[in-house]
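J.: If you want the building blocks of each chain, they are given just below.
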Amino acid sequence: MEEERHTEAKIGAETGRGSSPRGPGCSLRHFACEQNLLSRPDGSASFLQGDTSVLAGVYGPAEVKVSKEIFNKATLEVILRPKIGLPGVAEKNRERLIRNTCEAVVLGTLHPRTSITVVLQVVSDAGSLLACCLNAACMALVDAGVPMRALFCGVTCALDSDGTLVLDPTSKREKEARAVLTFALDNVERKLLMSSTKGLFSDAELQQCLAAAQAASQHVFRFYRESLQRRYSKS
Amino acid sequence: MAAGFKTVEPLEYYRRFLKENCRPDGRELGEFRTTTVNIGSISTADGSALVKLGNTTVICGVKAEFAAPPTDAPDKGYVVPNVDLPPLCSSRFRSGPPGEEAQVASQFIADVIENSQIIQKEDLCISPGKLAWVLYCDLICLDYDGNILDACTFALLAALKNVQLPEVTINGETALAEVNLKKKSYLNIRTHPVATSFAVFDDTLLIVDPTGEEEHLATGTLTIVMDEEGKLCCLHKPGGSGLTGAKLQDCMSRAVTRHKEVKKLMDEVIKSIKPK
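So the protein lines, in turn, are chains A and B.
Using this note's numbering, you'd call the opening residue of the first sequence number 41 and step up by one each time.
Using this note's numbering, you'd call the opening residue of the second sequence number 13 and step up by one each time.
Extracted from the complex, chain B is given alone in its bound form:
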């Protein structure tokens, strides 16, 4: 009977739960789903991570290649993110060129990298004006159950922490680059941006970490990306119902706690990787 009611009136069904301050999957309004992360699973990539937020699964692979640095910034490298939402992850995506959702997510990740200065682009330069690293970060969603932006940001951060770049020297005589694969070093990750997403219901209620169904029923979404000093890298609110300043404050405090949780999880995982 409950399943029938859910199909006919999904919003009313949902409101019944919200009145009791909980959600159909048993979570509280401010509770995140179980987060699991697996680092270094792809051996062919220079760095990789798999993140699961409940059912939402995103895998990130980072490949490093050579390129000539841009002419207007000869001492900088490149970080190129790309988010792919294949038909595998959800029935709403078709195969073909990237849809709007994938493009918006790619732009969001590019903005997070740019704003948070997670990597100093100068660190990626090998020889100013001639050679620099370009890091291609490919994020692929394997299962779409809402809150894709949080999962992507976390996967990107974990993968970048896992990247090892070999040492490159420029041979003075031949002016060619010589790569020493035996000597690898980790990237210098300066900040740890963590994203927290909220969904707005009926213009008043804010719930954290929406699932796919909740996102569909919500009247608005909000994503806050925070780094460890409490500075905001991104406040992404693409339209939807209005929010007052006080509600934003509540979201900020939730984002701060989430940052601590994620940082703890990341540190545990990094520590547990056995050195090769």
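Here chain A stands alone, though its shape is the one from the complex:
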């Protein structure tokens, strides 16, 4: 039993639609995920998207402070630590976004008066950070065995000044883009759970990005399924 718990499920990388140089339009960067790599948290995961890497740990369901307890469901807490410096207002904003997304999918009513804490540490940031955090959080929640009604994934779209859509942009592309949109989608009906945008864009462009993000999320969810299948079907 002990060995099984400590076995790392090191999953090989799965590429999005096309491995190396990205063509115009839609292809995601090379992504990889490792689960159960930390021994203290109940669940942990490390998610890599290109050069962006985030480490997530989940503690829960655990004891909650009386001041924070909710009588009929679990209290979810998210802590996001940047790579350098102290957490500031931008981190608090991202924590709120990730927390509300998790609250929408986690079945909190099964564990009332408990707390579920998700701790995220940014290991390297090379663009699409919020999406990578969301993916890492989801994988860590699965690893911890927290009951959820759906899985979720994060996808980032960048719009250039001439209107071209790029999925999963690098930080250089994000800086040059006119607008950067990050969406969180669930895997049951591909509905929009969370959205955070930067820059100016029109209504039609929003619908276009949303459609592209929904198509890209298929790849991410397929990757989740394959990596979990490989982990649990050990012969």
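Simulated crosslink set (DSSO-like; lysine-lysine; CA at most 30 Å straight-line): (1) B:Lys272 to B:Lys133; (2) B:Lys133 to A:Lys238; (3) A:Lys113 to B:Lys259; (4) A:Lys238 to B:Lys243; (5) A:Lys113 to B:Lys31; (6) B:Lys259 to A:Lys238; (7) B:Lys142 to A:Lys215; (8) B:Lys18 to A:Lys108; (9) A:Lys105 to B:Lys18; (10) B:Lys259 to A:Lys231; (11) B:Lys75 to A:Lys132; (12) B:Lys272 to B:Lys259; (13) B:Lys88 to A:Lys238; (14) A:Lys212 to B:Lys133; (15) B:Lys88 to A:Lys123; (16) A:Lys113 to B:Lys18; (17) B:Lys243 to A:Lys212.
Everything labelled a hint here was simulated from the structure, so no lab data went into it.
Got chain A; can you put chain B on it based on the hints?
T.: For chain B alone, kept in the frame of chain A given last:
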């Protein structure tokens, strides 16, 4: 009897109203509360505005001060927003460092300013590399009854329209700034971003302009910030129940109508200010 039912089962009480397509305060699902705005009430600030959305009251004061421009952008000034939710406005806030809600609201306002380019930061520069204006925008909530983001955005816009900056010249000999308080000019406001907030109920129903109780019972919220050309500055959906693309479209059209209403109100108020 109704009051007892409301305390014990607030969600069921609310659902009864929603079935009839209205809300406890008599509004329709797509109706906003009465919006009132008062500009220029704080004489010690360079620009100010007070906005009331039903019971939610937010006051914005703008102060202009001098600062050295940032080294990586020597021809730009600064706009620094800060949203404060004091214990005065609601029993859920305690005194002390800003809580999460205040920080998120401050970040939201900073994003709206940045994304909508409401002020060209180059306009705030007096002498490149040496002197620039910094506008401190302080938004204080006096009464919290839901939909704080809409009220803050409107208050900020109205206050910025009211700001008058004195003329500053750099004296060639002493290299000091000379301020001419008698000659003041308004800021060049390029766009008018207007926020529209929705609350999601039971994963399906969308209601506009939620009150404090409605926000508490809702399963999700959505805020859209639009400018006059129909371009979106911000689509803020912090988690909550999922939405389909079609529902988003309905929200967009509501946001467009709201923008027209707010713009009309703003223009009326600006016109009614008597010149000093």
